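Undergrad: One-letter residues, chain by chain:
Number of protein chains: 2
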Amino acid sequence: MRLSVPPEHVEIQLGERSYPIWIGSGLLGDPSNYLALPAAATALIVTNTTVAPLYAATLRAALAGRFREVHVLELPDGEAHKDWQTLNLIFDALLSHGSDRKTVLFALGGGVVGDMTGFAAASYMRGVPFVQVPTTLLAQVDSSVGGKTAINHPLGKNMIGAFYQPQLVLCDLATLATLPPRELSAGLAEIIKYGPIYDMDFLAWIESHIDALVAREPVALAHAVKRSCEIKAAVVGQDERETGLRAILNFGHTFGHAIESGLGYGEWLHGEAVGCGMVMAAHLSERLGGIDAAFVQRLTALIRRAGLPVVAPALGAERYLELMRIDKKSEAGEIRFVVLDKPGSAIMRGAPDAMVREVLAQCCAA
Amino acid sequence: MRLSVPPEHVEIQLGERSYPIWIGSGLLGDPSNYLALPAAATALIVTNTTVAPLYAATLRAALAGRFREVHVLELPDGEAHKDWQTLNLIFDALLSHGSDRKTVLFALGGGVVGDMTGFAAASYMRGVPFVQVPTTLLAQVDSSVGGKTAINHPLGKNMIGAFYQPQLVLCDLATLATLPPRELSAGLAEIIKYGPIYDMDFLAWIESHIDALVAREPVALAHAVKRSCEIKAAVVGQDERETGLRAILNFGHTFGHAIESGLGYGEWLHGEAVGCGMVMAAHLSERLGGIDAAFVQRLTALIRRAGLPVVAPALGAERYLELMRIDKKSEAGEIRFVVLDKPGSAIMRGAPDAMVREVLAQCCAA
Numbered sequence: 051m052r053l054s055v056p057p058e059h060v061e062i063q064l065g066e067r068s069y070p071i072w073i074g075s076g077l078l079g080d081p082s083n084y085l086a087l088p089a090a091a092t093a094l095i096v097t098n099t100t101v102a103p104l105y106a107a108t109l110r111a112a113l114a115g116r117f118r119e120v121h122v123l124e125l126p127d128g129e130a131h132k133d134w135q136t137l138n139l140i141f142d143a144l145l146s147h148g149s150d151r152k153t154v155l156f157a158l159g160g161g162v163v164g165d166m167t168g169f170a171a172a173s174y175m176r177g178v179p180f181v182q183v184p185t186t187l188l189a190q191v192d193s194s195v196g197g198k199t200a201i202n203h204p205l206g207k208n209m210i211g212a213f214y215q216p217q218l219v220l221c222d223l224a225t226l227a228t229l230p231p232r233e234l235s236a237g238l239a240e241i242i243k244y245g246p247i248y249d250m251d252f253l254a255w256i257e258s259h260i261d262a263l264v265a266r267e268p269v270a271l272a273h274a275v276k277r278s279c280e281i282k283a284a285v286v287g288q289d290e291r292e293t294g295l296r297a298i299l300n301f302g303h304t305f306g307h308a309i310e311s312g313l314g315y316g317e318w319l320h321g322e323a324v325g326c327g328m329v330m331a332a333h334l335s336e337r338l339g340g341i342d343a344a345f346v347q348r349l350t351a352l353i354r355r356a357g358l359p360v361v362a363p364a365l366g367a368e369r370y371l372e373l374m375r376i377d378k379k380s381e382a383g384e385i386r387f388v389v390l391d392k393p394g395s396a397i398m399r400g401a402p403d404a405m406v407r408e409v410l411a412q413c414c415a416a
Numbered sequence: 051m052r053l054s055v056p057p058e059h060v061e062i063q064l065g066e067r068s069y070p071i072w073i074g075s076g077l078l079g080d081p082s083n084y085l086a087l088p089a090a091a092t093a094l095i096v097t098n099t100t101v102a103p104l105y106a107a108t109l110r111a112a113l114a115g116r117f118r119e120v121h122v123l124e125l126p127d128g129e130a131h132k133d134w135q136t137l138n139l140i141f142d143a144l145l146s147h148g149s150d151r152k153t154v155l156f157a158l159g160g161g162v163v164g165d166m167t168g169f170a171a172a173s174y175m176r177g178v179p180f181v182q183v184p185t186t187l188l189a190q191v192d193s194s195v196g197g198k199t200a201i202n203h204p205l206g207k208n209m210i211g212a213f214y215q216p217q218l219v220l221c222d223l224a225t226l227a228t229l230p231p232r233e234l235s236a237g238l239a240e241i242i243k244y245g246p247i248y249d250m251d252f253l254a255w256i257e258s259h260i261d262a263l264v265a266r267e268p269v270a271l272a273h274a275v276k277r278s279c280e281i282k283a284a285v286v287g288q289d290e291r292e293t294g295l296r297a298i299l300n301f302g303h304t305f306g307h308a309i310e311s312g313l314g315y316g317e318w319l320h321g322e323a324v325g326c327g328m329v330m331a332a333h334l335s336e337r338l339g340g341i342d343a344a345f346v347q348r349l350t351a352l353i354r355r356a357g358l359p360v361v362a363p364a365l366g367a368e369r370y371l372e373l374m375r376i377d378k379k380s381e382a383g384e385i386r387f388v389v390l391d392k393p394g395s396a397i398m399r400g401a402p403d404a405m406v407r408e409v410l411a412q413c414c415a416a
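Respectively, the protein sequence lines represent chains A and B.
Sequence positions in the first sequence follow our numbering and run 51 to 416.
Sequence positions in the second sequence follow our numbering and run 51 to 416.
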């Protein structure tokens, strides 16, 4: 897939931790994109067994003039491997190659590769530089931007991690051509999210371009990625460590994480769980008085058109509540939800258990 | 042991990450020392099987009015357990108690407990507050101050960690009464270190009080802890993330880490390895022209009087070089040593392998 759109650029403004996101086609193979990185003798490309055959050689060739040694590490693919054992493969590789404090890590893959590589970069020798090269739509519009890194713990998703910013994010739109349809839909969930929480004009744009996005129309994808990154940059620039505003980016994620964890990581894709979780969070928002039933239906329809599930799995209300109580937003045992206080605006708040049970009864499969 | 010295105070100046170190006797059992901590529902005291019977109940009682729940976790004791498996016990405890983002961790013990608890605090939900309550001399004068946290990797010491500052450090001098003599000497190694790298007046003071320190004379210990913390605070305040100056605090550590790793963690105490490592680094400094033979002998004599080893184990020169090449200060395979460029001043630099071999031949047991 060759795109006619020229590369575009969004800056994450975080003082001395600021960095650019470049969005365009064919970026990862262009050596000029890596010239501004700090000097180092070695680089390690961390990728997975699915992405490696597609892009690792191209990235490696592009880095060959910049680093004396470029190593490639292939991790097993999937959320089920986002654990300490897999993370340790990165440390093993770094140490076995004699990597030093200046070694640059490249995360080539989706959200799982990005989250693990970022946490490895944050922790190896207490911090080495890293670059995000996201190859899934979800990673391009959400997980690669903003510096959240983590691994899962058997008792909760993303429970162990760090806020650690990359030096650079390269969103190569050409990589989206090889994305399986389920992964494309999963990315659309996070794109749709930015509408109801922040930008109703963007929501209207997505509604009128959802078929073009599902059909991977290049100009539509380029705009969706850029606008998503702009909104994420604006939110993260105000609240890097999620002491307040940033939490709105977790719209749909409290329910979504419970689905992922309850079914076992990897059963549903993260974006699928978030898509369905947004339907549930919209119903809760309606019960709390923030939006009306028509808006819930409008959002549900869009999520369905994106190819995402809108009916939650029947885990049982008690299990949902138990899983949501160990969400990172919980405080003193109270579950905190991101809900819409009006269309285009989100807040974090608690909700009565009885009301949450009603939402679960309404949204879960029989 | 009751001390007549009143509590003293050193501030670590790091902008919004600034915090106080309190030094005095009986501090850990005084509830008033915890009033300034951020509000939270739960606290977790992380300690080890040696320290827990001595102080855990006292600390827990002092925290009881401040937190709704105070849990205690006992880790196995020793550097050999400073690994992921033990770290994960902290995450398991936090999650099983439903700990949230505000939960405060207390590191009650020596450097191993402090380093692991600090890294757990840095990583749990991407960061929760923590307090250092060091109960060894080494932890009080070095490892609990400055925000370096880490675990070991089979291929290298402190390879995985974070810079993450505590909210508060409480150096309770009364805990030093229960310290085994080897541990006391290990702490003296880090105290002695501050002289040759930074403060020749302090070195002279230590020389004239070394017998009092070995005898645990309270006024002498109080001064040694306070002056060590002042020097560490001054250095860390200028270079929190060790981009330059802070590296001087690693005087003796490149050789020392090789000893620890080569013998197997826990065979020699960290402070013992650093003591012997300083002798080796002094010999290297002499060969590089920074100090004369008389100063090497003066430093060696003081280290010996502190009850520390001054002859290095015979690991073989190749093994030493191999181990030192994976030190965090190495760059592009070149070992970087902290050496004295004159008495009272240290720099980081490389050295010819042949010269390092001469030092090893001179310093190692036959």
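Hints may contain errors.
Below, a list of computed lysine to aspartate or glutamate pairs in the DMTMM-like style, where the Cα atoms sit at most 20 Å apart [to be verified]: (1) B:152 - A:251; (2) A:152 - B:249; (3) B:276 - B:249; (4) A:152 - B:289; (5) B:152 - A:290; (6) A:392 - A:251; (7) B:392 - B:290; (8) B:276 - B:58; (9) A:152 - B:290.
Some chain B residues flagged as far from chain A (calculated, every beta-carbon gap over 12 Å) [claimed, not checked]: (10) 63; (11) 90; (12) 283; (13) 401.
Just some of the chain A residues that point at chain B, by a computed CB distance under 7 Å [said to hold, decoys possible]: (14) 91; (15) 148; (16) 203; (17) 205; (18) 212; (19) 213; (20) 217; (21) 251; (22) 371; (23) 378; (24) 381.
Honestly, the hints are just simulated from the structure, not real lab data.
Since we're looking at a predicted model, the values are computed, not measured.
Where a beta carbon is used, it is the ideal one built from N, C-alpha and C, also for glycine.
Undergrad: Each of the hints needs a verdict: does it hold here or not?
TA: Consistency of the hints with the structure:
Using a Cα cut-off of 20 Å, the hinted pair residue 152 of chain B and residue 251 of chain A is violated, with the two alpha carbons roughly 37 Å apart. Restraint check for residue 152 of chain A and residue 249 of chain B: the C-alpha separation of about 31 Å exceeds 20 Å, so the hint is violated. For the hint pairing residue 276 of chain B with residue 249 of chain B, the CA-to-CA distance comes to about 14 Å; that is within 20 Å, so the pair holds. Distance hint between residue 152 of chain A and residue 289 of chain B is fulfilled; the C-alpha atoms sit about 17 Å from each other, no more than 20 Å.
Restraint check: the Cα-Cα separation between residue 152 of chain B and residue 290 of chain A comes to about 17 Å, which is no more than 20 Å; the hinted pair holds. Annotation: proposed proximity of residue 392 of chain A to residue 251 of chain A holds, straight-line Cα distance about 14 Å (limit 20 Å). For the given pair, residue 392 of chain B sits about 24 Å from residue 290 of chain B by alpha-carbon distance, which is inconsistent with the 20 Å threshold. As the CA atoms of residue 276 of chain B and residue 58 of chain B are separated by approximately 8 Å, the hinted pair is consistent with the 20 Å bound.
Proposed proximity of residue 152 of chain A and residue 290 of chain B is supported: the alpha carbons are some 17 Å apart, at most 20 Å. Listed as outside the interface, residue 63 of chain B is consistent with that label: its C-beta sits roughly 18 Å from the nearest C-beta of chain A, beyond the 12 Å cut-off. The claim that residue 90 of chain B lies off the interface is violated: its Cβ sits roughly 8 Å from the closest Cβ of chain A, which falls inside the 12 Å cut-off. Chain A leaves residue 283 of chain B outside its interface by the beta-carbon criterion, the shortest separation being 19 Å against a cut-off of 12 Å.
Every beta carbon of chain A lies more than 12 Å from that of residue 401 of chain B, the smallest distance being close to 17 Å; the non-interface claim holds. A least Cβ separation of about 4 Å between residue 91 of chain A and chain B falls short of the 7 Å threshold, and the interface hint therefore holds. Here the hint on residue 148 of chain A is kept, as its CB sits about 6 Å from the closest CB of chain B, short of 7 Å. The criterion of a C-beta within 7 Å of any C-beta in chain B is met by residue 203 of chain A, whose closest approach is roughly 6 Å, and the hint holds.
The restraint placing residue 205 of chain A at the interface with chain B holds, with a minimum CB-CB distance near 4 Å, inside the 7 Å limit. Look at residue 212 of chain A: its Cβ gets to within about 6 Å of chain B, closer than 7 Å, so that hint holds up. For residue 213 of chain A, the shortest C-beta to C-beta distance to chain B is roughly 5 Å, which falls under 7 Å, so the interface hint holds. The beta carbon of residue 217 of chain A comes no nearer than 15 Å to any beta carbon in chain B, farther than 7 Å, and the hint placing it at the interface is violated.
Interface restraint check: residue 251 of chain A against chain B, minimum CB-CB distance 32 Å, threshold 7 Å, status violated. Checking residue 371 of chain A against chain B: minimum C-beta separation of about 12 Å lies over 7 Å; hint violated. Because the beta carbon of residue 378 of chain A sits about 5 Å from the nearest beta carbon in chain B, less than 7 Å, this interface hint is met. The interface hint given for residue 381 of chain A holds, since its Cβ lies 5 Å from the closest Cβ of chain B, which is under the 7 Å cut-off.
The earlier numbered hints that this structure contradicts are 1, 2, 7, 11, 20, 21 and 22.
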